[in-house]
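J.: Take these sequences, add in the hints, and give me the full structure.
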Amino acid sequence: MHILRALIRHPSGRIGGAIILLLLIAAICGALGLTPHDPIKAFPPDRLKPPSATYWMGTDLLGRDTASRLMLGIGLSFIVAFASVICATIAGTVIGLFAAWWGRPWDGIFMRTMDVLLAFPAILLALLIISIVGPGPMTSIVAIAIVYTPIFARVVRGPALSLKHREFIDAARTFGSSESYILTRHLLLNLIAPLTVQFTLALAWSLLTEAGLSFLGLGTQPPSPSLGLMLSESRNLMQHAPWLMLFPGLTVMIGVLGFNLTGDALRDILDPRTQERGA
Amino acid sequence: MNHVAQRLLTFPLILWGVSLIVFFSIRLIPGDAITAMLGTEAGLLTPDQRASLARYFGIDQPVHVQYLNWLGGLLHGDLGVSVTFGKPVLDVILQHFPLTLELAILSMIIALVVGVPLGVLAATRNERLSDLVVRILAMLGQSTPNFVLGLLIVFVLSVYFGTVPAMGVFTPITEDLGTNLLQLIFPAITLGFAFAASVMRISRSAMLDVLGDDYVRTAHSKGVSYWGVIWKHALPNALIPVVTISGVEFGYLLGGAVIVEQIFALPGLGRLVLDAVTHRDYALVQGTVLFIAFNFLLVNLIIDLLYVALDPRIRLGNR
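So the sequence lines, in the order shown, correspond to chains L and F. My numbering numbers the first residue of the first sequence as 765 and each following residue consecutively. My numbering numbers the first residue of the second sequence as 1283 and each following residue consecutively.
Don't read these hints as lab results, they were simulated from the structure. A few of these clues could be false.
[Claimed, not checked] Simulated restraints, written as ranges between beta carbons of each label pair:
#	chain 1	residue 1	chain 2	residue 2	range
1	L	Gly940	F	Ile1584	25 to 35 Å
2	F	Phe1293	L	Asn954	29 to 39 Å
3	F	Thr1500	L	Arg778	38 to 48 Å
4	L	Leu826	F	Gln1288	25 to 35 Å
5	L	Thr948	F	Leu1414	36 to 46 Å
6	F	Thr1500	L	Ile772	35 to 45 Å
7	F	His1502	L	Gly922	33 to 43 Å
8	F	Val1451	L	Thr818	37 to 47 Å
9	F	Asn1351	L	Ser942	45 to 55 Å
Positions of the beta carbon are idealized from the N, C-alpha and C atoms, including for glycine.
T.: So, in structure tokens, the structure goes:
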């Protein structure tokens, strides 16, 4: 609770938090069907209408309301972003913790495997996975999760390795605490701070990667809207209907900004060493 | 074991791991390889033709033999044959790589020329208006997806200037420097913007660290001019993390800016992978991904070694 209060007091945290909250509300409304118009059903008589009182963000080539599609798209993009980062956090944490706890040779095997995954640029690894499984939101979740797992493993392994040799861990062992108890109650609890920061920043990257994959036609498939897909669809209509590019583009940008600002604020709050530099 | 030796030893190990992932992931594709390669046309093949093709591509052998053959081929520069291009994969890659390399270099130049001076300016004017402006700019740069910026650039150029960057046919640097730069400058700005933002943040943060060090205070007290201290004493040390981040970003760019190449219709490595995935040209996917990962690892290795050379404080095995 005190982290939330500190986040509200932090200028970047306030702005970032407000952005995320706003987008979440839009996404929830979109998911519950509380949109101004039907986001999927085509309405050709109203095709390519510019923003107006009826259509706040204009309409697309099939006469569908951009604002309604955006609300649904934010939800789909957020689901992929959150699901993939949650999977990456769990997998990375387990790998990092066990690598640090078990030591050699497992540490070497786990971390070199992570190094191998890190040798692929994110979008490329995602493309490789999609070329095997085929496009779609589920594939995007798996691909993005695999891409970001090594980062979480590294974030966890370093501090876990230094914590492993601390006196309180020795004391817990002496008192007969089980291995699982030490790992979850002593090691993991002390890693919540760096994990929280990484989780928030990873959401920004994940949102970007999802939008990028959908933009390439390899993420969410039509007629479901996603931010990247809407941007991709706007390419050929840019000159006649710039609103089709403008609103999804701004939404991705604002969403990434929101997560970046919140991540930075959390880093300031949870790691006071960075506070002085404001880095 | 010292850091340099450790990095040099793990390099081939990781490369081998990469080759395993690339090779076996392609074999995970459901269905047989011939159908995957030829799509619906595979249905027209007679069993004899199918067997002959399987023999030609070496896929009639056990997987581990196929891997060893492929690995052996790799060592001789043989990455297989692209079904789409009807040419050896390595030739296709080398045909597309110069554009990606040039784009990566241009983007890096833009990022460094914009990022370092602004980062230094922000650090020297810490907590003042110019610092705030640079920090906001950096945050915006890091939050703007390159496909949004790329589309915006194309939109502004086409609507307000009545021109679009020449798309489709690419002019190599050796043919016409002017046209080549005109074709690459906007994609390079698109990629360089986020890159510059990272450089800005890192150089500002590193500069702030260095400015608090004793030797900087000593130089000031010895009467060295303010900017003399900044440029001659502080900046060289502050640049070390900038070298690292630039190397990592450069390595990523060498992997091909898939989306930006797609927006500006540039025939680089990124677009090649995307086309290979779309056309299910698996030999090309395999070869290109391996080539990109190799470049990325190599750049990272060079940066690591450079880092040790630049900072004598990094003693062997002390990282």
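J.: Taking 37 to 47 Å as the stated bounds, is the beta-carbon spacing between Val1451(F) and Thr818(L) within them?
T.: holds, 44 Å
J.: Cβ-Cβ distance between Leu826(L) and Gln1288(F): within 25 to 35 Å?
T.: violated, 58 Å
J.: Could you check the hint for me, namely that Thr1500(F) and Ile772(L) are 35 to 45 Å apart, CB to CB?
T.: Holds - the Cβ-Cβ distance for Thr1500(F) and Ile772(L), about 43 Å, lies within 35 to 45 Å.
J.: Between the beta carbons of Phe1293(F) and Asn954(L), is the distance compatible with 29 to 39 Å?
T.: holds, 33 Å
J.: Should the hint that Thr948(L) and Leu1414(F) are 36 to 46 Å apart at their CB atoms be regarded as holding?
T.: holds, 42 Å
J.: Taking the CB of Thr1500(F) and the CB of Arg778(L), does the distance hold inside 38 to 48 Å?
T.: At 41 Å between Cβs, range holds.
J.: With 25 to 35 Å as the target window, see if Gly940(L) and Ile1584(F) comply at their CB atoms.
T.: With Cβ atoms ~50 Å apart, the hint is violated.
J.: I want to verify a distance hint. Is the separation of the beta carbons of His1502(F) and Gly922(L) within 33 to 43 Å?
T.: 36 Å Cβ-Cβ, so the 33 to 43 Å window holds.
J.: When you take the CB atoms of Asn1351(F) and Ser942(L), is the distance between them in 45 to 55 Å?
T.: holds, 49 Å
Consistency note: the structure conflicts with the earlier hints numbered 1, 4.
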